[in-house]
Amino acid sequence: MEFLYYFDEVFEPIALMLLIGGTIGGLILGATPGLSPTMAVALLIPFTFHLEPAQGLILLGAAYTSTVAGGAVSAILLRIPGAPANIATAIDGYEMARRGRGALALQLSFLSSAVGGVIGVLLLIFLTPVLARWALAFGPSHLFWLAILGVTIIGTLGSGSIVKGLLSGCIGFWLSTIGFDDILGVQRFVFHPVVSGGVNIIPALIGLFAIPQVITIFAKGRGRTDLEVARVASHPIGAAIGELSQRPRALAIGTVTGAIIGLIPGVGGQIAGLVAYDQTKKFSRNPESFGKGEPDGVIAAEAANNAMVGPSLAPLLTLSIPGSPTAAVLLGGLLIHGIFPGSDLFERHPEVAWTFINSMLLGQILMLVFGLYIAGAAARVAQAPQQVMAAIVLALAVFGAYSVQHSMGDVYVMAFLGVAMYFLERFGYSAAPIVLGLILGPIAEANFVQGAMIANASVGLANYFFSGWLNLTLIAIVLLSIMFPLVRQLRFGGTVGAAKI
Amino acid sequence: MTCIQRLLPSAIIAAVGVWVAYISYTQEPADAFLFPRLIAAGFVMLAVWDLACNLLGASVPAPGMDATAALNLAPGMLVLLIYIFWGAKALGFYTATTIAVLTIQLLYDPAPRHLFRAWGRRCLITATFVAVMYGLFAKLLGVYTPKEFFH
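Sequence lines, in order, name chains Z and H.
Quick note: the first sequence uses the numbering used here, first residue -16, plus one each step.
Quick note: the second sequence uses the numbering used here, first residue 3, plus one each step.
Because the hints were derived from the structure by calculation, they are not lab data.
These numbers were taken from a predicted model, which means no experiment stands behind them.
Don't be surprised by glycine CBs; every beta carbon is placed ideally from N, CA and C.
Heads up, a few of these hints could be off.
Ranges of calculated distance between the beta carbons of each label pair, as one might list FRET restraints [to be verified]: (1) Z:Gly4 / H:Ala92: 33 to 41 Å; (2) Z:Ile224 / H:Thr130: 35 to 43 Å; (3) H:Leu143 / Z:Phe(-6): 18 to 26 Å; (4) H:Phe118 / Z:His389: 52 to 60 Å.
Input sequences plus hints: build the corresponding full structure.
Below, the structure written as structure tokens:
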């Protein structure tokens, strides 16, 4: 119950203000199609430089939580998921809105998001100390394999093509080695002076997530893209609570599915929402009503994608392994404040870790309160002209990348990576494994070099990295994470995920 | 997606992979390139596999680029590149941002270009946005940018 000691930190005026600001901003950003939670968090990082680490994380955590929930607004009212995590919500949410039950759909989505989110954060609270104690058993070889695992899971599950996903991970690893070698101080792969100090994580994150979105809007051209918002009639919140209480099965399936999927590194909210939707449909007495405005579909999907948020941070805070691309961006936010997550995070910086987690708990409640009141306004923001969004995101990306080190070189690196990523995405490569490789590269290298030194002085390299039950288990999971999707792809000839529902 | 579209990105990535491998295995001191060598081996192997899949037409289909999208994005991309690689430093961040934001709106706004009201809206959005950015970065966060506003 250590977390209770740090609860008052969340109620300090600045922290509370940031929490409220992050929640409202996140809801609006989440409702805006094309602005993903990962991009929103990446663009917010430069604003946290001048804040205390805990305050910065409160802002990022609030934005993460509420962008996922805010994505439901455009999914329900516009049939455009604000984020990939809201794809399943759009199926029945929009149908409900079309039949004049939009207010109920929005209320159910925020209520189930809050229930799922609170349970997810409680899981994070009770799981992290256990995981942290368990992580103490990890040596350099285990941490090396864990870093590799983080990239292989996101590379294979998060991409359409397994080879391209893994290749993207390799590109990320390579980018992380550019610049000075930490141990011998030798310059590596410095093909231009702007990368002589290495590729800074924050400009790279901004470039990889924000610039492709901007260019995607450019590629749509001048065509009128005004969106029609489904009309929302007022609906009493008490009735929505009553409706939710009559549907405990969908809520339970969504929450449990989301929490379990959140713990698996790299799987993410999109899969959580879709799997929960699918399971709820299978266990429903009226499976034929799904897709025709069934409230259970909205409840399960939203409970799942918010229940996933808390557990997805557990591997990040205890093992430095981000569970999702957004968690990878949060890791970048931690690192720039000089905070290195790991087994001893809760001993070295308990006030930062617990304040952050507590703020996420309170953030779920705030998200519910504000979500119910500003859903209509958020939907109007979602109608903002795309060309305005592109111009704003581009300028924010430039200012954000520059403000990291006051260096034009960072802006050039951001732009280069962003433009390259747009084209790479068009040809099937994805940003998430590159980001994971870039962030986990230094962790993998440091532990590989440290492990090699220990191995050379003792049992030898092969023995050190390929023996012991923990090493072998991790290697088996790495191989499984590659082989399972590969076999699935060869067998079914398709990709894992959304397309089937 | 045409064959060239499939092959070109894979070939470029394979070339980068080979270059990374070449540097990793030839540069000294070898200890500094221990990890890059490990990556390079996987990088080249996967890049060759990807290239082979594309050559044989066995790769997972990707959206690719079509002529319409290329033509649509070309003016915006030009503004983006000029803004970042020249404007921001030569004109100052705020002046360059003002021009870039207005130009992007002008290029991609579906409203007719001769419409006075549309011009008013674009200018208002640009002025408000740049004022917010100035207040946020220059005043609140204290980020000094090249040439600031009108220097």
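Against the structure, the hints come out as follows:
no. : hint                             : result
1   : Z:Gly4 / H:Ala92: 33 to 41 Å     : holds (35 Å)
2   : Z:Ile224 / H:Thr130: 35 to 43 Å  : holds (39 Å)
3   : H:Leu143 / Z:Phe(-6): 18 to 26 Å : holds (25 Å)
4   : H:Phe118 / Z:His389: 52 to 60 Å  : violated (40 Å)
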